[in-house]
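Asks: Residue numbers (the working numbering), protein chains in the order written: chain A, 785 to 1135; chain B, 785 to 1135; chain C, 785 to 1135; chain D, 785 to 1135.
Hints are computed from structural coordinates only; laboratory data are not their basis.
Examples of chain D residues toward chain C, derived with CB under 10 Å:
| id | residue |
| --- | --- |
| 1 | Y796 |
| 2 | V802 |
| 3 | T806 |
| 4 | D828 |
| 5 | E983 |
| 6 | E1077 |
| 7 | D1083 |
| 8 | R1129 |
Here are the computed distance ranges between Cβ atoms for each label pair:
| id | chain 1 | residue 1 | chain 2 | residue 2 | range |
| --- | --- | --- | --- | --- | --- |
| 9 | B | T837 | C | R1129 | 55 to 65 Å |
| 10 | C | K973 | D | E835 | 31 to 41 Å |
| 11 | D | E835 | C | N787 | 31 to 41 Å |
| 12 | B | N890 | D | I900 | 52 to 62 Å |
Where is the CB? At the ideal position from N, CA and C, for every residue including glycine.
Next come the chains, spelled out residue by residue.
Number of protein chains: 4
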Amino acid sequence: MINVGIIGATGYAGNELVRLLTGHKEVRIIWYGSRSYADARYADIYRNLFEITDEFCRGDHMEELISEADVIFTATPQGFLAGVLTEEMLGKTKIIDLSADFRIKNVNVYEKWYKIEHKSPQFIEEAVYGLCEVNREHIKGARLIANPGCYTTCSILTAYPLVKEGLIDPDTLIIDAKSGTSGAGRGAKLANLFCEVNENIKAYGVTNHRHTPEIEEQLGYAAGKEIVLNFTPHLVPMNRGILVTEYASLKKKPDGSLPSYEELKAVYDKYYKNETFVRVLEKDVCPETKWVEGSNYVDVNFMIDERTGRVVMMGALDNLVKGAAGQAVQNMNLLFGLDETEGLRLVPIFP
Amino acid sequence: MINVGIIGATGYAGNELVRLLTGHKEVRIIWYGSRSYADARYADIYRNLFEITDEFCRGDHMEELISEADVIFTATPQGFLAGVLTEEMLGKTKIIDLSADFRIKNVNVYEKWYKIEHKSPQFIEEAVYGLCEVNREHIKGARLIANPGCYTTCSILTAYPLVKEGLIDPDTLIIDAKSGTSGAGRGAKLANLFCEVNENIKAYGVTNHRHTPEIEEQLGYAAGKEIVLNFTPHLVPMNRGILVTEYASLKKKPDGSLPSYEELKAVYDKYYKNETFVRVLEKDVCPETKWVEGSNYVDVNFMIDERTGRVVMMGALDNLVKGAAGQAVQNMNLLFGLDETEGLRLVPIFP
Amino acid sequence: MINVGIIGATGYAGNELVRLLTGHKEVRIIWYGSRSYADARYADIYRNLFEITDEFCRGDHMEELISEADVIFTATPQGFLAGVLTEEMLGKTKIIDLSADFRIKNVNVYEKWYKIEHKSPQFIEEAVYGLCEVNREHIKGARLIANPGCYTTCSILTAYPLVKEGLIDPDTLIIDAKSGTSGAGRGAKLANLFCEVNENIKAYGVTNHRHTPEIEEQLGYAAGKEIVLNFTPHLVPMNRGILVTEYASLKKKPDGSLPSYEELKAVYDKYYKNETFVRVLEKDVCPETKWVEGSNYVDVNFMIDERTGRVVMMGALDNLVKGAAGQAVQNMNLLFGLDETEGLRLVPIFP
Amino acid sequence: MINVGIIGATGYAGNELVRLLTGHKEVRIIWYGSRSYADARYADIYRNLFEITDEFCRGDHMEELISEADVIFTATPQGFLAGVLTEEMLGKTKIIDLSADFRIKNVNVYEKWYKIEHKSPQFIEEAVYGLCEVNREHIKGARLIANPGCYTTCSILTAYPLVKEGLIDPDTLIIDAKSGTSGAGRGAKLANLFCEVNENIKAYGVTNHRHTPEIEEQLGYAAGKEIVLNFTPHLVPMNRGILVTEYASLKKKPDGSLPSYEELKAVYDKYYKNETFVRVLEKDVCPETKWVEGSNYVDVNFMIDERTGRVVMMGALDNLVKGAAGQAVQNMNLLFGLDETEGLRLVPIFP
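Start from the sequences and build out the full structure, keeping to the hints where you can.
Replies: Given below as structure tokens:
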């Protein structure tokens, strides 16, 4: 059995880790870390776990945790892990970080967008960006995984094949994203009250959302050059789910024509046909968040607009699963040489 | 492996059966029955199953189904099973009926409340009412299980210990129930449109809802006498979940005092302490549907009102799991001598 | 023009007062009082008012307010008005209090249920309970109006005719109430976050909700004797609306029979036929909150259960209108001799 | 008093017309037309109108209607009005058409996108496109108004000033739109059931939604040339509201720099400062649908992305008010020389 510790177990992503790991047959959760609820019984904070776990939340006792855990998930605010990470920790345990601390290679970019100082930039180079479908082989041997953001996972996987194969002009890429409210976390903020979110939709973080440079960096690797793009998130009155709608100009073929549906479909299939968790939908079927809810799937598809010469790419995932805890477990499975789908063979729940 | 057939696989309860059985390690679904969608690919109707099953829906071919299936789930409209059931079928396969056809022992009561003629009353006597926590031993050897209704399961389990032990006056029992909208099915009816249900709550079936006699019959067995009660369902703008709030006068003790919290708690524990799927919450904690969503749990609790001498009992479950498909799988596990929790050890999904 | 001041203008009820009074042709709002947002522009807090009002919020300057306002609405926390009220204030201005401070005549009952000391009990006797349909004539000459609570208004008006005419046994009365989330106010509390409320329903305040004694007192006046009853509120995932479902045993007629539908309907009509804002629905039609949303209407109806001898009474209103701001405006209209419906002739908004 | 007839009074837009016109002091509704509910009492179909109107729905009696009505609103399916319109009708009454029949000047474009034959193309030229803020003077003398679509109104008004003044490259314009579900109408379709829409978001009509050519035509007039653009609508789990997020490349100034916030703001103010119903929000404030719900306002704003050289424009309105019935009433006010805001001075309802 793998001994797992969770720091930040009482956030929504933390609770989702508990849900998934409870159903994972190779794992034992030995640490429910939570500063806010230290010494409270976990099932009193998250009553879905009532009579399933009797464990109590633990405050900061990093030494003890490191010595007991084979892997630690940090579902913590930005800056936490960078503030405590040491070489000793990485020598004793593996770390899968659900925060953004080690996602961005250029520390200046990180500090500019997150507006905090990075306390341990020496580990950035080593950290592996844990987008399993893209970085699988690098993940396997890593000590430190930077688990991708929810918007980011959806945005990248949706466009990746066409960017990678050079079929679209990456400078024309516009990502319009829509998220359920659990992405905003469990903090008691006025803007996230039921009456403020329900029956409402709005954009936020327009032109300056923190996931932008992460998307640009990763798609830049695929494109083989630096790119800038527009990323606009929206808050949608639902608990879970992210939908992205992405627009880009198709590169014309030498004869001046646009690539065909079949040509683009073949490219998507090239990258995703053997991927369990990426489902390329059939022609003309648009992804919907409901069809992936509670599962680790990403549903993607695209449509060609002959009139404007653009392709509209769409992707849907559950922000707490493939967008956070599920992908983290997928990374753990890779780290420990387990079946990549262990604990993640969950059929989406409908309705 | 147990070969399972589902008739009515394209209703919401049918899809939930598919979800649960897909994760059940002793089972293979061999038949996705659906009149409405005969010959359609199942994953085209329920896209959560895309790339998980490639099977097609089957119309009515009862002979073939009976010969192949070890057990058949009928998630069908009232009257369907009663119209086709034969001794030959029961000789070849087991049947778990999610409709009301064989739940009520008195055929006159059935015909009066459901306003249809019962076509095979000769099987009513044999059918076992599949409320696992109450009828476990009878279920094990049965050929025909009448799987309880969603409102019914919640209403009965919430009050059962106090009725059974004679601590409340059953003639004072009033059940006020609230249900998510999936209980209304997937039929395209104006009353179930998003804009009609959302931001709205209403009672319906007041004084005449069909689940009333089923609750009365089962609680009558517990009480040892016939009882009549008020049952009022309400439609709530959420997908899943049933909450019942039940009111009854407590019987006074010989000294004229009311029973204490501890005394009532002991009675609940007597019946449910060893039940995996019934969770008696701690003092003063009210059940909420969200904490059981997607799982087979029922959360119950009670509060004593010293001022009025009544007890307020509360119960919450997921109408598609413990209220339908989950309980049906639990019954199947009992029928086939499997671990009762196989395929049902799902942590509730939150939020 | 009547000069109106609002203390507590930045709560949901305060904003609803602003909405209604902005459309009231005899009124000018001269004071947007708010401690939390003192000196902020009102339209920055409530952007529905953008370009409609340019006024700024005012902190506590009671002297100035009293000298300028013809009437003050206090949409404030419990205890605020009782803490500041003076004879001088009542000599200079009228006060319509949306809090509970002056609703309950017995100060001991108030202090027990609200768990705060009442600072000005000397004004309780004078205060008029502002349930317009019941106390219209007393309201007209009052200086201090105790505007009823949202649950209370709905609960009382739904049962009032049958209690007043002695057709039900008031000791059997059970009120099961369901409320939208705006009733919980705009405070940033975890329990009111979107993800905690959405897709969820729960009871709360079971056996001890503060509106209980208010309902008991007012229905006790109608019954001509003290009564105790069960009142159980529930939180529903919608913004606005309260639905109550009330159960009581009908008194039998001398011949042992139950009263007929027509007899009960005649009683409802006796009290409400001439009431603009109470709509007695037609036979078998159940009230729904959506049909009154945004308006000052209460929809009520009842159904007789011959089997149990009980009547099920139902009522629906918008908790922010007839349950708070709308009723307060109705009271103001009565106080100033205006048409009772001025500013309140709003057609419910659907969907 | 103006005598108003409504054909299609039992759709959501029809009911909204009834709500608004009931509060309009210069108007009397004399005709509630509805094929589906002919001879039913209107308040039985829309119970928000209970005790407000006792009128019955009328089937097709065009002769009678024309002779009695001063103006007819047609809230009917595509093709209806084109199928019945005659010169005689236009001689006797004014018509405000909420369908798309007369919105598009090129009949071939109409027939291609709507896939129906246009039965009275001879009236297309005369019809005035009823976008009040753009076509006010033409509307005043018209006999036939083509009331704009909901997506269209929001999409055009959001981008209009920058397109009109040539500050953006219209060929780069991408419109990502999100709509509440009332836009889908009151038809009983599976896709619009509560359980299918709730907790879900999806794109639909990708690359081929019918509102596309209408937006292109109108913005083309502003641009002074034909344009093609991408328009992608999404279905959001809320009753009312449309939000559009629009992306376009800013034209650089002669010195190669981008225009400043102040320069773009001045352009928006030039067109909207005196418009009652268009509110240009303050810097950095994003429109939200909730802040305009139930009202005739459109809230618009924009943000410049210096990194990509694009401007992100946003707009929000209530699809049933400014997107349908409210704009229709605004057109009626213009047609009859009334105050343009009569019946429309409704404060948005929050929450």
